[in-house]
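Peer 1: Below, each chain spelled out in residue letters.
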Amino acid sequence: MNFYPIFWKDLLLIRKKPWRFLASSMVMPLLYLVTFGWGLGRGMNVNGGTYLEFVLPGILALSAMNNSFGPVSTSLNISKLYTKTIEEVLVSPVGPWSIALGRALTGLVRGLFSALMLLLVGAASGVHLNLSPFFFVVLALTAFCFASMGVAAAMIAHSHEDMANFNSFFIIPMSFLAGTFFSPDKLPQPLESLILVYPLTHSSLLLREMAAGREPTLGSTIILFAYTVMFFYLAGRLVKRTV
Amino acid sequence: MIETINLSRNFGSLAAVKSVNFAVNKGEVFGLLGPNGAGKTTTIRMLTTLLSPTSGTATVSGHNVAGDPLSVKKAIGVVPQMLNLDIDLTAAENLEYHGRLHRMKPADRTARTEELLHFVGLWDRRDTHVEHLSGGMRRRLLIARGLMHRPAVVFMDEPTVGLDPQARRMIWGLIETLKRSGITILLTTHYIEEADVLCDRVAIMRAGSIIAMDTPQALKAGVGRVVLECLGRHDIPRQFFQTREEALDAGRSVGCDLVVRDSTLEDVFIQLTGERIDA
Chain A
1 MNFYPIFWKD LLLIRKKPWR FLASSMVMPL LYLVTFGWGL GRGMNVNGGT
51 YLEFVLPGIL ALSAMNNSFG PVSTSLNISK LYTKTIEEVL VSPVGPWSIA
101 LGRALTGLVR GLFSALMLLL VGAASGVHLN LSPFFFVVLA LTAFCFASMG
151 VAAAMIAHSH EDMANFNSFF IIPMSFLAGT FFSPDKLPQP LESLILVYPL
201 THSSLLLREM AAGREPTLGS TIILFAYTVM FFYLAGRLVK RTV
Chain B
1 MIETINLSRN FGSLAAVKSV NFAVNKGEVF GLLGPNGAGK TTTIRMLTTL
51 LSPTSGTATV SGHNVAGDPL SVKKAIGVVP QMLNLDIDLT AAENLEYHGR
101 LHRMKPADRT ARTEELLHFV GLWDRRDTHV EHLSGGMRRR LLIARGLMHR
151 PAVVFMDEPT VGLDPQARRM IWGLIETLKR SGITILLTTH YIEEADVLCD
201 RVAIMRAGSI IAMDTPQALK AGVGRVVLEC LGRHDIPRQF FQTREEALDA
251 GRSVGCDLVV RDSTLEDVFI QLTGERIDA
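Chains as they are written, first to last, in the numbering used here: chain A, 1 to 243; chain B, 1 to 279.
Calculated from the structure, these hints are not laboratory results.
Just so it is clear, the structure is predicted and the values come from calculations on it, not from any experiment.
A few of these clues could be false.
Okay, derived cross-link-like pairs now, DSSO-like style, lysine-lysine, Cα gap no bigger than 30 Å in a straight line [what the hints assert, rightly or not]:
{"no.": "1", "chain 1": "A", "residue 1": "K80", "chain 2": "B", "residue 2": "K74"}
{"no.": "2", "chain 1": "A", "residue 1": "K16", "chain 2": "B", "residue 2": "K105"}
{"no.": "3", "chain 1": "B", "residue 1": "K179", "chain 2": "B", "residue 2": "K105"}
{"no.": "4", "chain 1": "B", "residue 1": "K18", "chain 2": "A", "residue 2": "K240"}
{"no.": "5", "chain 1": "B", "residue 1": "K18", "chain 2": "A", "residue 2": "K16"}
{"no.": "6", "chain 1": "B", "residue 1": "K26", "chain 2": "A", "residue 2": "K17"}
{"no.": "7", "chain 1": "B", "residue 1": "K105", "chain 2": "A", "residue 2": "K84"}
{"no.": "8", "chain 1": "B", "residue 1": "K179", "chain 2": "A", "residue 2": "K16"}
{"no.": "9", "chain 1": "A", "residue 1": "K240", "chain 2": "B", "residue 2": "K179"}
{"no.": "10", "chain 1": "A", "residue 1": "K240", "chain 2": "B", "residue 2": "K105"}
{"no.": "11", "chain 1": "A", "residue 1": "K240", "chain 2": "B", "residue 2": "K74"}
{"no.": "12", "chain 1": "A", "residue 1": "K84", "chain 2": "B", "residue 2": "K179"}
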């Protein structure tokens with residue numbers, strides 16, 4: 001495996017423009033936090049706690065997803081369709097799995113970083129979450145899972161419109177429906193079952209359980225892990241098809 | 001170093017490359033010359049493992065491009081037609097990144113980066129971001145990048161396309177230096193003079209096929225080394241002769257202002273196809 005050069009270049013680009021990276025990582029989650037946590041949710045109580053305490057784990061999962069999937073899929077899509085910078089990698093002796101891993105690790109760093117920043121903002125706002133090592137493992141797994149999905153989506157997309165459609169029909173509905181802002185068990189049974197198909201639902205559920213001091217459910221842990229393996233495998237296979 | 005046997009590539013019903021056969025020897029500069037859409041870039045993309053052949057085989061440095069792409073990738077350097085440098089990185093960082101992709105050791109990367117940036121005349125611009133480099137500078141940096149890992153074979157796809165004459169001459173100088181160093185180069189071009197000046201042998205391509213292949217001198221001798229043209233009279237076909245004296249003799253019986261000049265690869269292309277190369 002020679003994934004490090006891919007990862008190195010992406011980190012170099014982040015280091016060159018740290019403020020742009022920080023701002024782009026924080027805009028959406030902060031908007032969600034202000035709108036749903038401090039705005040709509042002020043004074044609301046859920047499961048004996050504030051709505052902000054309830055919603056923050058969901059927004060952390062959402063932030064990990066958005067900041068891994070978005071930058072990875074967009075940059076890969078542009079390099080494949082527009083700048084053709086990916087061709088430098090494709091004619092080098094770097095294998096498809098290394099390309100997929102390098103990109104997915106970049107997504108992991110981006111997703112994890114944005115979630116950690118948000119966690120700091122939450123802590124500064126007086127939100128108390130129970131944080132365990134496994135809480136951060138789930139955040140990292142979420143970021144890696146969606147970064148891998150981003151690689152796969154970018155390799156499938158034949159145009160920028162394809163990417164936009166993937167966002168419109170998959171990512172945005174998942175952002176709102178996957179138990180991010182509400183508990184899935186509040187929905188009618190068929191809809192609840194449908195929502196449990198989303199990988200983000202299991203990230204939100206796991207983070208919320210741990211933040212409340214409960215044990216993470218084994219089922220959601222296995223499903224999130226399975227999705228991560230599946231998306232990474234898919235990403236590697238799709239890059240291999242291109243190489 | 002490079003050999004193709006009945007190499008073909010289809011895109012749906014379009015046959016972009018049709019049973020192409022050629023062999024490039026070690027240290028040779030071999031040119032694929034032809035108009036846009038002749039199949040030059042598709043051929044080079046197959047040889048650099050970016051496209052799979054529909055049929056036929058190709059080997060580079062003894063490795064089959066379809067069966068052992070990894071070994072091919074280790075042996076080749078690619079200078080693509082498109083300026084696909086990372087514009088957010090500096091000139092030196094682009095080379096550094098390329099060295100890392102090829103697992104070069106840190107000290108070797110640093111030394112080679114300095115050597116190549118001097119070679120292409122960009123050492124003073126080593127810390128300049130690519131987005132601030134001119135088109136000619138980017139082309140030179142692309143050449144440096146293609147050479148970074150000391151490949152045995154270098155593919156150059158239209159290395160001077162879009163450059164002004166001065167920048168083009170500068171690139172030619174670099175390629176001539178590489179030629180003297182014994183590196184094997186396959187380049188595509190639709191510039192007649194470029195093929196004539198740089199290439200040891202040229203394959204002329206049209207509509208996916210090679211229609212002629214030899215040294216530029218032999219190709220020109222094949223149609224006639226000297227051309228007789230009537231100035232401003234396109235209705236009178238140009239005539240070919242082996243010597244200037246023959247051309248002047250024949251010119252006495254033609255009732256127009258004459259031009260007697262050396263033939264070019266463009267003349268060869270027109271004789272073979274009835275079309276101009278830049279048509």
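Peer 1: Work down the list of hints and note, for each, if the structure agrees.
Peer 2: Status of each hint after checking the structure:
Our distance criterion of 30 Å between C-alpha atoms is met by K80/A and K74/B, whose separation comes to about 22 Å. Taking the CA atoms of K16/A and K105/B, the gap is about 24 Å. The hint holds against a cut of 30 Å. At most 30 Å may separate the alpha-carbon atoms for a hinted pair to count; K179/B and K105/B meet this at roughly 26 Å. Annotation: proposed proximity of K18/B to K240/A holds, straight-line Cα distance about 26 Å (limit 30 Å).
At most 30 Å may separate the alpha-carbon atoms for a hinted pair to count; K18/B and K16/A exceed this at roughly 47 Å. Note on K26/B and K17/A: the hinted pairing is violated, with a Cα-Cα distance of about 45 Å set against a maximum of 30 Å. Between K105/B and K84/A, the direct Cα distance comes to roughly 26 Å. Compliance with the 30 Å bound is thereby established for this hinted pair. About 38 Å separates the Cα atoms of K179/B and K16/A, which puts this hinted pair outside 30 Å; it is violated.
The straight-line distance between the Cα atoms of K240/A and K179/B is roughly 35 Å, outside the 30 Å bound, and the hint therefore fails. Taking the CA atoms of K240/A and K105/B, the gap is near 26 Å; set against the 30 Å cutoff, the hint holds. Proximity of K240/A to K74/B is assessed by CA-CA distance (about 17 Å); at most 30 Å being required, the pair is judged to hold. Proposed proximity of K84/A and K179/B is supported: the alpha carbons are some 28 Å apart, at most 30 Å.
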